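*Asks:* Take the given structure of chain A and dock chain B to it, following the hints.
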Amino acid sequence: MNVVREVLEELWSMFVGDRRLTLLTLMVVVIAAAVSLLAKATTVAAVLIFVGAVAVLADAVFQAARKARG
Amino acid sequence: MLDWPTAAPAVTAAFVASTVEVTEAFTIVLAVASVRGWRPALTGALAGLVLLAIVVAALGPVLNLVPLNALQIVVGVLLLLFGLGWLRKAVLRAAGLMALHDEDAIYQREAARIHGDTKSGAAADGVAAMASFQAVLLEGLEVVFIVLAVGAPRAGRPSLMLPASLGALAAFIVVMAVGLLIRKPLALVPENTLKFGVGVMLSAFGVFWTSEGIRAPWPGDDWALFGLAAAFLIVALALVALARPRKAVLAS
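Protein sequences appear in the order of chains A and B.
What the first sequence shows, in my numbering, is residues 169 to 238, in sequence order.
What the second sequence shows, in my numbering, is residues 287 to 538, in sequence order.
Because the hints were derived from the structure by calculation, they are not lab data.
Wrong hints could be hidden among the right ones.
Claimed, not checked - Restricting the straight-line Cα-Cα distance to at most 20 Å, the calculated cross-link-like pairs of lysine to any residue (SDA-like) are: (1) A:Lys-208 <-> B:Ala-356; (2) A:Lys-235 <-> B:Met-384; (3) A:Lys-208 <-> B:Asn-355.
Source: prediction; values computed, not measured.
In isolation and in its complexed conformation, chain A is listed as follows:
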């Protein structure tokens, strides 16, 4: 049971290890999907996912850097 729990915990942390990163990424995808499907602006939506992903990454790095520096 211990092994199963550890395996499941590890799998969970693979994708949801950083909750803020996960939530922001999902928000970016939802907004881009809305732009693509409702406004039919497909190129804008594609660029939005990339720009959003970069912003999420930068946010995660700077937040971790601030924590590391105390």
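*Replies:* What follows is chain B alone, placed relative to chain A:
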């Protein structure tokens, strides 16, 4: 018929990512073998591989039942989460804000842990085999996910599952051959550099798949993957420079 720009990123991403994962699993199996011998180490590893094969065999038919767009969105978002998470850690390690992954240290720690856990012969072999099993299963599941993610089918295109699987298999063979030859933890594998590269590629795949899933394909089709990877690389390198502590910048 697969063409090079389509297959190359899948093969490369699967090979490099799998090299990292197989190296991590090998380190723990080797630590188990050094404490309790090869029998429990290989028994655990083999059991892990069998369970992995069952998971893959079960997942394959399920994937064919999922609508393509839904599959692309799920795989794309998971890839984004996995890739951005990996890239975040690699950037922090490169900036000196997080300890580097050290296979020698992991080997020593695992060997000490198994040694400390084990008291009598049969129970000791069981604990050792379980450690080996867990390492192979966990790292193997990550390899399976990466292969599924980079090889997922696309509308009107051949599946990249075969080239991605070949990339992972090549990594397994290379790491096993080198590892069994030197019988030491593969500390010389530049893990953070590889993880940096894999994070870049997985993030690029994640953006690409998610875009396709929401019916917002990139101009340039598959070639856009190269542009996305280059853009993520530039951003990640810039983040390393920006996140690096000022003292470290002055010292270097």
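*Asks:* All the hints need checking, so say for each whether the structure fits it.
*Replies:* Structure-based check of all given hints:
| no. | hint | result |
| --- | --- | --- |
| 1 | A:Lys-208 <-> B:Ala-356 | 18 Å, holds |
| 2 | A:Lys-235 <-> B:Met-384 | 11 Å, holds |
| 3 | A:Lys-208 <-> B:Asn-355 | 16 Å, holds |
Hint check: no violations occur; every hint is consistent with the structure.
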